[in-house]
Amino acid sequence: MKLNINNKLIDVDVRPDEFLLETLRKLGYLSVKEGCQSSSCGVCGVLLDEKIILSCTYLTLRAEGRKITTLEGVRERSQYLVDFLAEEGADQCGYCAPGLIMAVMSLENEIDNPTEEEIYHYLDGNLCRCTGYKGQIRAIKKYLDLKSTRSEVI
Amino acid sequence: MITIKNYIAPNTIEEAYDLLIEKKNNQILGGCAFIKIGSKTIGLGIDLINLNLNYIKDEEKEIRIGATTTLREIETSLVLKNYCNGILCESVSSIVGVQFRNMAQVGAGVFSKYGFSDLLPCLLVLDAKVNLHSEGIIDLKDFLKREYKKDILKEIIIPKKDGKAVFENIRKTSGDFSILNGAMYIGKDGTAKIAIGARPTKAEIAEKASKALEEKQKLDEIRKLACEELNFGTNVKGTKEYRKGLCAVLITKMKERIGD
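These protein sequence lines are chains F and C, in that order. Going by this note's numbering, the first residue of the first sequence is number 108, and it counts up by one from there. Going by this note's numbering, the first residue of the second sequence is number 132, and it counts up by one from there.
Hints are computed from structural coordinates only; laboratory data are not their basis. Cβ atoms here follow ideal geometry from the backbone N, Cα and C, with glycine treated the same way. One or more hints might be untrue.
[As the list claims (entries may be wrong)] Which chain F residues face chain C? A few, computed with CB under 8 Å, are given here:
| hint | residue |
| --- | --- |
| 1 | Asn113 |
| 2 | Leu116 |
| 3 | Ile117 |
| 4 | Glu141 |
| 5 | Gln144 |
| 6 | Gly149 |
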């Protein structure tokens, strides 16, 4: 089958019961992390047609003809957010960061100028065992504020 | 561990149904969000993704929700936000996270009759029907009572109602499964319904309590009737006695929100 990953068409052989997480990691997209493997923690989040999904329970065969985006595909776009996460001390072990960043990209695609409540609600599915979320929310708000004032740079 | 030996995404519902009944271990794939919770071997996984069952149709007398519509699409639907206080949008909005709700499909949850479903009590108080490929349209209430039989759920049909409805649930943390959930509806025509789910068995209408609500009996009486007529059970989330106690609290919360 062919998969559209980060705007590149890639040939790949998959099993009928192979999930996207396994496929992406074997293709070298190592930003996509393995966590709970049961749709609970959000670390395996990738965008499918610009919306966040959990790659650990998404069948790869189902993704044919759809657009898959991993953190490798939004490196430039997410750089400001990465900087703010570091600045706010919101990134300790870093394991949840790729899933969190992809969820923020999805939030941006879906909601214009989200309120703090909407941000919390949207990121409810992203678990972090290190930071207590406050730093992440500060970083995300800074990132979204920057986006609204300097749209040309992001 | 989950094993799927073969996968197919048919282009017609007839083909999907024929494949489904061909062999015992052929199975319809829903959103697959819960697929790793259990352990099973599926001979042929049949994906309904090509059947154009992803829709929320606002028709004159009813709202039709296609089986492959995601929970996130229900949560954000303007049609559903404007229907009975947005009860359906609210009921799905705490299920795990947005990532999960972008995958989980409404048809899979309803057809599987999950006890923990937050949507089922709401659909019950709204008198929803299910449209099955083989059996046709039947009341959700009757469907939930029946034994499992292979079929394909095409859509959920919700009659347009003029009234207020609320959903309440008790869960330990945001995104966790409900320990107990429920829905209450009061129509402008005087009809009323209460359904309680996650007991931990599947949602059910509390008939006597619903009648008492219709007759505007005292809240204490409504709570008492619901706790007496429904069966409660024990699982890892809570004991039978705890759930019974919570049921009274849940009904109070719903009644306070819905008003008279």
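Does the nearest C-beta of chain C fall within a distance shorter than 8 Å of the C-beta of Glu141 of chain F?
Violated, about 12 Å.
Per the CB criterion, is Leu116 of chain F less than 8 Å away from chain C?
violated (19 Å)
Please verify that hint: Gln144 of chain F, Cβ, nearest Cβ of chain C, below 8 Å or not.
holds (6 Å)
Report holds or violated for the interface hint on Ile117 of chain F, using the least CB-CB distance to chain C and a cut-off of 8 Å.
Where the cut-off is 8 Å and the nearest Cβ of chain C is about 19 Å from Ile117 of chain F, the hint is violated.
A closest beta-carbon separation below 8 Å is what the hint needs, so does Gly149 of chain F meet it against chain C?
holds (6 Å)
If you take the shortest Cβ to Cβ gap from Asn113 of chain F to chain C, is it below 8 Å?
violated (19 Å)
When each numbered hint is compared with the structure, violations occur for hints 1, 2, 3, 4.
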